[in-house]
Amino acid sequence: MSVNRKFIPILVTFGLFVVMFAAGSFRYTGFFSLQVLMNLLVDNAFLLITAVGMSFVILSGGIDLSVGSIIALTTMVSASLVQQQGWPPAVVIPLVLVMGSVFGYGMGAIIHYFKIQPFIVTLAGMFLARGLCYVISIDTITIDNAFYTSVAQTKIHLPGGSFVSISVIIALVVIAAAIYIAHYTRFGRNVYALGGSEQSALLMGLPVAKTKILVYTLSGFCSALAGVVFTFYMLSGYGLHAVGLELDTIAAVVIGGTLLTGGVGYVIGTFFGVMIQGIIQTIISFEGTLSSWWTKIVIGLLLFFFILLQRLLIARRSTLKL
Amino acid sequence: MSDQDPILQMRGIHKRFPGVKALSNVDFRLFPGEVHALMGENGAGKSTLIKVLTGVYSIDEGTVDMEGSPISVTSPQESQTAGISTVYQEVNLCPNLTVAENIYIGREPRKFGRILWKEMNRNAAVLLKERLNLDIDVTLPLQYYSVAIQQLVAIARALNISAKVLILDEPTSSLDRNEVQQLFGIMRKLKSDGLAILFVTHFLDQVYEISDRITILRNGEFVGEYRVNELSRIDLVLKMIGKELNLLEELPQLSQEYKDSSGEVLLTASGLGRKGSIEPFDLTLHKGEVVGLAGLLGSGRTEVARLFFGADKPDQGGITSPGIEGGIHSPRDAIKRKIAFCSENRKAEGIIDDLTVRENIILALQASRGWFRTISRKRQDELADEYIQLMNINPPNPEHLIKNLSGGNQQKVLLARWLLTEPRLLILDEPTRGIDVGAKAEIQKLVLSLSRQGMSFLFISSELEEVLRVSDRIAVLRDRNKVKEISGEEMNPHEIMQAIAGG
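Taken in sequence, the protein lines are chains P and S.
My numbering puts the first residue of the first sequence at 1, with every later residue one more than the last.
My numbering puts the first residue of the second sequence at 1001, with every later residue one more than the last.
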């Protein structure tokens, strides 16, 4: 056994990304460039950040459907406070981050203390956050605040003539931090234990309540941070921003090799899951004649493929006991 | 050993639950360097005693001393801190984490909050190698290993919590023979390291193989503490069930004339077995015969019944019936061959609470006809009335909700349900558990009279008297093995107890 079997799903994800990038490069002129790769990051920075939070939730055996709505609410609150109330961004950004975290904390507490399915609690959270957007305004609020526009337009130049945005730096920092948290802190390992078996985690004396609530708090925080990044990207607040994003996020996490039942998966897998979704969109836009709905079709097929792969690996494992 | 002081001493332990006295005045002590078996039938209080000791339940009365000084355990964490570690029957670890993590999670070696994986893996490998003689890759997820190894990892985790007392709660129930030997080897090693091991099992052979001392509980009461070499197997069984052998001898026999077993063969099981549930056995059932299954709890009685009904798939051997093609591979096959199974689990697998007596009675017949050929209401009423009378069901009202009937009457309704399908073989698993003496006798009489009319029975009961009273032939099970078949004049309590106790 040269490769540890637990790394198979993540290697498949990584391999798929490489194959897709190679295929695009052969087929389309101009595809094979660093900037195409960098644009994947630029266009999906907010998705990356959201998916990191979602990875922890799914690893713990839960699900969070509220992420898209929290992004929308964040853009809405930011735009309203900055644009209409004239608050400084230095106050608004920490404020929305706290708001997202508190929202996640509340959902986590309800899930744990009332023993309610995460699906239904975060579904309620999804409707609540989306509804709150329209309390602020039913229209788009465009932002022309100097700080926001300058962050949106800043290009960080890389050697070779390509560039990334500030949002990309934020996303990469979040991913690096998440990998560290997942593998080198007790909280991270407790999340994996919780996803493996909640009953066992309890009997092993692990802090189940704290871990569970913190997972949803973290997801709320990530969603709010993604909302901030999304505000830079769109320069507006709107109640219909990021509709259905929770499903894209879940898809990215699963394509990244994380088991929906929890306990198995890697943050870096999620990174490539997002990148695969991005590259599908890029290929379709290079193709030019295909409707953007083809993205959904390919993602749907990939999801089927990955779920079946996981099932096969589990089946194979049970026949390969040492 | 006895010149030492006990490491753990429990005195006068009382534990009440609403309506039940789970433990009353129980004493228990453990010496360092011994394996101490805790024995008792179901409901004797073994689990309660362990849960009290591990802090899952609080104690109503009594004291627990650890190394001579009193301790109070009110949570599993406290019990672990006091040096008491438990490995449960089902492995309570996380299958997705690595072996090393499962041993150390919650206590990982850290530096500035960062988990030191290398150190953890090294420590885990050393711990497994030195204390458990286990040389495995600790960086693989636990789920890649067999249950036996997972169990050993659970023990390693327990040991790591600087344990002085190790509780093993039925650790062998999912292990095969070699794995049990491996576990026993480790238990001996730990014992020689000075650990006190509390061992719970219902396999008598294992108790005699590994234990130094036995404490017996019965109905929540302390029966006694014995050295293994001073207590014969048959005495152990008698103390567990609380009967004197000479009292058993004086049982009135219901069926004095045994049917000879040379009648028409109904079913033959040959080499029928299933790993982890029952060792391969042969058993032939004849027409009109009552075959009793005797043995202690967990000896494999229900497992035999489930194999005959096709509810579990055998991995060896098969069942044949003369004149009929094919074996029994599913409950559907069994029902087609007119075999009915009345489960021991009356509440969960038998009665449907919110239906009437009539509806409960016709359920199986209706199911066997298919839902499109409904039984007319008139016919339903006739059938219900007929069986209410036959079985003497009280109150004799077919429209009564079954949940309002007594246990004995519910059992009669269940019997009626299966009798209505006119089975050739009726498997009764603990048909008289928890019902009053009168109803018990009626059910026993009914079994006998139906068998004389040609119906065959496989009769399972924990009560030896009852099995003796109704059976024409008795198969004795011990430790998931069919050890003996007893018929005719040999059918006396002494003979059966000897077979149950073995050795």
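Among the clues, some could well be false.
What the hints assert, rightly or not - Below are the DSS-like pairs computed for lysine-lysine, each with C-alpha atoms no more than 27 Å apart in a straight line:
1. LYS1403/S to LYS1287/S
2. LYS1051/S to LYS210/P
3. LYS1129/S to LYS1189/S
4. LYS1243/S to LYS1445/S
5. LYS1111/S to LYS115/P
6. LYS1243/S to LYS1287/S
7. LYS1129/S to LYS1111/S
8. LYS1287/S to LYS1347/S
9. LYS1164/S to LYS1191/S
10. LYS1347/S to LYS1051/S
11. LYS1111/S to LYS210/P
12. LYS1445/S to LYS1313/S
13. LYS1243/S to LYS1191/S
14. LYS1129/S to LYS6/P
15. LYS1347/S to LYS6/P
Unchecked claim - Here are the simulated distance ranges between beta carbons:
16. TYR113/P to SER1173/S: 31 to 37 Å
17. PRO94/P to SER1072/S: 42 to 48 Å
18. ALA1348/S to PRO94/P: 53 to 59 Å
19. ALA209/P to THR1139/S: 28 to 34 Å
20. TYR113/P to ILE1324/S: 57 to 63 Å
21. ILE179/P to GLN1004/S: 51 to 57 Å
Worth flagging that the hints you see were computed from the coordinates, not collected in a lab.
A virtual CB, placed ideally from N, CA and C, is assigned to each residue, including glycine.
To see whether the hints hold, each was checked on the structure:
1. LYS1403/S to LYS1287/S: The hint is violated at about 35 Å.
2. LYS1051/S to LYS210/P: holds (25 Å)
3. LYS1129/S to LYS1189/S: holds (12 Å)
4. LYS1243/S to LYS1445/S: holds (24 Å)
5. LYS1111/S to LYS115/P: Distance ~35 Å between LYS1111/S and LYS115/P Cα, so the pair is violated.
6. LYS1243/S to LYS1287/S: violated (33 Å)
7. LYS1129/S to LYS1111/S: It holds: about 25 Å lies between the C-alpha atoms, which stays within 27 Å.
8. LYS1287/S to LYS1347/S: Since the Cα atoms of LYS1287/S and LYS1347/S sit roughly 30 Å apart, the hinted pair is violated (cutoff 27 Å).
9. LYS1164/S to LYS1191/S: holds (10 Å)
10. LYS1347/S to LYS1051/S: holds (26 Å)
11. LYS1111/S to LYS210/P: holds (22 Å)
12. LYS1445/S to LYS1313/S: With Cα atoms ~33 Å apart, LYS1445/S and LYS1313/S exceed 27 Å; violated.
13. LYS1243/S to LYS1191/S: Violated. LYS1243/S to LYS1191/S sits at ~34 Å, over the 27 Å cutoff.
14. LYS1129/S to LYS6/P: holds (24 Å)
15. LYS1347/S to LYS6/P: Violated, at roughly 43 Å.
16. TYR113/P to SER1173/S: 31 to 37 Å: The hinted range 31 to 37 Å holds for TYR113/P and SER1173/S, with Cβ atoms some 35 Å apart.
17. PRO94/P to SER1072/S: 42 to 48 Å: For PRO94/P and SER1072/S the Cβ distance comes to about 47 Å; the hint holds.
18. ALA1348/S to PRO94/P: 53 to 59 Å: holds (55 Å)
19. ALA209/P to THR1139/S: 28 to 34 Å: holds (30 Å)
20. TYR113/P to ILE1324/S: 57 to 63 Å: At 58 Å between Cβs, range holds.
21. ILE179/P to GLN1004/S: 51 to 57 Å: Hint holds: Cβ distance 53 Å, inside 51 to 57 Å.
The structure does not agree with the numbered hints 1, 5, 6, 8, 12, 13 and 15 stated previously, though it agrees with the rest.
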